[in-house]
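Protein chains in written order, with the numbering used here: chain A, 445 to 943; chain B, 24 to 202.
Keep in mind the hints are simulated off the structure, nothing from the lab. Beta carbons: idealized from backbone N, C-alpha and C, even for Gly. Do not rely on the hints blindly, as some may be mistaken.
Unchecked claim - Listed next, the stretches of chain A that the computed footprint assigns to chain B, with coverage defined by at least 3 CB atoms under 8 Å from CB atoms of chain B:
| hint | stretch |
| --- | --- |
| 1 | 463-469 |
| 2 | 569-581 |
| 3 | 799-808 |
| 4 | 879-892 |
As the list claims (entries may be wrong) - Not everything, but these chain A residues come out facing chain B in the computed CB check (under 10 Å):
| hint | residue |
| --- | --- |
| 5 | 456 |
| 6 | 696 |
| 7 | 759 |
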Amino acid sequence: MTTELENVLARELHEVADGLRVPPMPGLPADAPTKRPRPWQPLVVAAAVVLIAGVVALLFSRQDDGSPQPAPPAPSRATESVDTTISTAMPTVPFVVDRRLYVDGEQVPGEWWGLQSHWGVWLATRFDGSWWWGGPGVEAQRIEGQFDQPPVLSPNGSYIAYIDVSGGRASVNGFTTEPGGEGFGLSPLDDLPRYEDGVAIRVSAVTDDGDVIVQGTRTSLVWRAQHPAEPTVIDLADAAPDQVLLQATPVGLVVVDGSGGAVDATDTEPHLALIDWDGNFSLGPALPTYDTLDISPGGGWLLRSPAGTLGGEVTAVGSLRAQPVGGGDEMVLDAPDGWGFVPLSWSWEDDETVLATLVGQGRAGPAEFRLVRCRVDLGACRDFPAPEGAGETARDTLGSFTAEATLDAVVRAVVSDDRASLLDPAVVADGEWDQLVAFAAGGGGSASTCRDNGSGNKDCEIDFDAAPEGAPATVYYAILEPADNAYGWRVSYVGIGGA
Amino acid sequence: MAFTTTKQAQAAPAYEEYAASAWPALYRSSYLLTGNHADAEDLAQQTLLQAFRSWAKVSRADEPAAYVRRMQTNIFISQRRPRARRLELLTDEPPEPRPALRAGSAGGPEDRMVLWPHIASLPPRQRAVVVLRYYEQLSEREIADALGCSTGNVKSTAHRALNALRAAIGSEAHQGEEA
């Protein structure tokens, strides 16, 4: 039996609901917001600790009551004010400052870059090209194998997957990261081509369920590595034709439609996507374009460097963008005046806090570094001193590459025709570079064995996929000599065996 | 290369299709829960995102709508960001009007309603029970499923909500008489 009060309640709720003008179903903002002035330019600053001006440029309107539409809003932006409520305690996540890696407050020996960390598990590479990982209860340990492309860490930190090319072919494998964790076992993907159309095949993602996604220009596979019964591989050419899988996140995969030639999310709008247990592919909401994208551990926020901000010789970026994954105001996180975010140094410390390394801008002398902690919900950042190095500077140990690793780096740059990717262009002279590019002829290749030729130099062989007409068994070689550059070696001569 | 390839499963509804069809109802119930358009849109969006993340389960649920409703109410009740924080944001626009605190004030149809203005002042859980019961017209069992509690808890929560609403309009009437 209902009372009069309940009858009125039901009637009013229905009247309110029926009277609503439902707005169009929104997506996420897909384009870069309006360019705003740098923080050193005059700003009208309120007395509040944090002043956030404007609202995000949504693709949809929130006005559904017939009132006039507001002018296109600009992203919210932190001001020069420092939010003193932001902690300056030592980071709780691994970080790299000036090639020094710190885990749990301790410096890990070696020189490092390319750090990823999720839920306490970290994955990073040393400047000698080796890949290492560690985590709660697991000391830093090397990942054995030879890699054309970086190993990949799952968003929950539970799995690392990689393609080992040490056998000459590409073999996909991985392991669990818990203490005493195990490898993925016998891989069904142990004989893939190392390159497709001159591009190295890669693990584009490993999901929180341990699904390994492998893609090349022709290959697109998901290995259900944790499948309890049998190794199962799904061919995404059927389930998700033309979809290029870019990365796994706590809220799903990030994909772009590659039918128009897109290979990243810089020009083409990416989407979230899922592949369910049966291999069905579901395309989800759109995301904004980006150069890098990191979604917070709880899946609440996304952090991105917008498309076009990290290319080429960029050594620092002035700002990052953050917004709720479900849609909402976009925050611009500005580096403090006179500082820039070191590219790729940012990582989520918790669901609302980002940690990054800063590098000084526009000043003479050795590079200066600090740490910065940003709260995306406040749109504010606060910097603090980075730990001092334990005497092991970058310069002390430059040149720690082996001859093989040096030549492999050169050949990889040649194959991708990207000389700028070399740590030090002095590692190969113009003439040798041009000759190697001609040898590669647009195909793949890799450094092979090196041997000492008795004069302190190294004679090394190179495997190029492409070979001159009528000479399928061509042997390419290079001579490397010790040099004072970032690698410690220089390619002094290249040639064809017997030529 | 030796591996098996799974069969593609049959006819699971596409997420995009589901989201498009569910959006209007989801938005309406979100508005009733939150009381304003911006938060309603946020809640509906977050619910769809959650549904997307769990699409394998949602699409195979006996009642996908019930599954998504459970997500929606849980997100609403467990919103981590205090609502006050949203109001601290300085924007180019004046803030969206909140539901009127007093019934009978001049304005749109919502402002002339007797109970709706007071629903905003109910605690989230009571508000969720009110919406699920008197708008969605769910049974106590269904509401208990949505909230992850017992039917007894639903009954007592509904009882408190109705008492609060009754007290609010009684107090208002009393104030009107005094005025």
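These are the hints, each one checked on the structure:
1. Given a C-beta distance limit of less than 8 Å, the hint that chain B covers the stretch 463-469 of chain A holds, as 5 residues qualify and 3 suffice.
2. Three residues within the 8 Å Cβ limit are the bar, and the stretch 569-581 of chain A against chain B gives 0, so the coverage statement is violated.
3. Coverage of the stretch 799-808 of chain A by chain B is violated. Counting CB-CB distances below 8 Å, 0 residues qualify, and the rule asks for three or more.
4. Using a Cβ-Cβ cut-off of 8 Å, 0 residues of the stretch 879-892 of chain A lie near chain B, which falls short of the minimum of three, so the contact claim is violated.
5. Below 10 Å, beta-carbon pairs count as interface contacts, and residue 456 of chain A has one with chain B at about 5 Å; its hint therefore holds.
6. At its closest, the beta carbon of residue 696 of chain A sits 6 Å from a beta carbon of chain B; the interface hint therefore holds under the 10 Å criterion.
7. The beta carbon of residue 759 of chain A is not positioned within 10 Å of any beta carbon in chain B (closest approach about 33 Å), and the interface hint is therefore violated.
Going down the numbered hints, you'll see the structure goes against 2, 3, 4 and 7, while the others check out.
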